[in-house]
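K.L.:
Turn these sequences into a full structure, and let the hints guide you.
Letter by letter, the sequence shown follows residues 1 to 103 of our numbering.
Treat the hints as calculated values from the structure; they're not laboratory data.
Nothing here was measured: the structure is a model prediction, and the numbers come from that model.
We put the beta carbon where it would ideally sit given N, CA and C, even for glycine.
Heads up, a few of these hints could be off.
[As the list claims (entries may be wrong)] The calculated label-pair distances, taken between Cβ atoms and stated as ranges, are:
id, residue 1, residue 2, range
1, Ser82, Ser35, 21 to 27 Å
2, Ser17, Asp60, 26 to 32 Å
3, Arg70, Ala8, 25 to 31 Å
4, Thr75, Gln45, 18 to 24 Å
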Amino acid sequence: MQPVTSLALLKEQIEKSGAESYIVLNEDGDPVEYSGIFQHDDKQQAAFFVLQHSASALRDKEKLKRTTVRFPGCTFVASFVSCSEGTFGVVVQLPEAPPGDGS
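P.N.:
Here's what the structure looks like:
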């Protein structure tokens with residue numbers, strides 16, 4: 001994966017990964033891009049909550065940090081990404097693994 005240098009490239013990489021549900025929040029916690037389940041306010045608030053409680057994991061000058069949150073039937077990956085336009089919080093819902101695939 002190439003380094004993220006802009007918000008547009010970040011969105012492109014998320015969409016190329018096949019993620020149907022994702023949200024990108026700016027440093028103030030405001031949504032700047034979202035799709036899928038994150039079109040709903042309660043899901044946006046949940047994403048903000050996960051990122052808020054993961055924020056301390058991002059060290060000074062660190063460019064990327066990932067946290068995985070699993071619930072029965074779904075997995076979310078929360079990331080902090082720094083690029084030329086600032087630092088963004090990203091939450092992506094991973095697709096469910098098909099039954100019997102061993103994951």
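K.L.:
Indicate, hint by hint, whether the structure satisfies it.
P.N.:
Consistency of the hints with the structure:
1. Ser82 <-> Ser35: 21 to 27 Å: Check passed, 22 Å falls within 21 to 27 Å.
2. Ser17 <-> Asp60: 26 to 32 Å: 28 Å, holds
3. Arg70 <-> Ala8: 25 to 31 Å: Since Arg70 and Ala8 have Cβ atoms about 30 Å apart, the given range 25 to 31 Å holds.
4. Thr75 <-> Gln45: 18 to 24 Å: Given about 19 Å between the Cβ atoms, the range holds.
Checked against the numbered hints above, the structure violates none of them.
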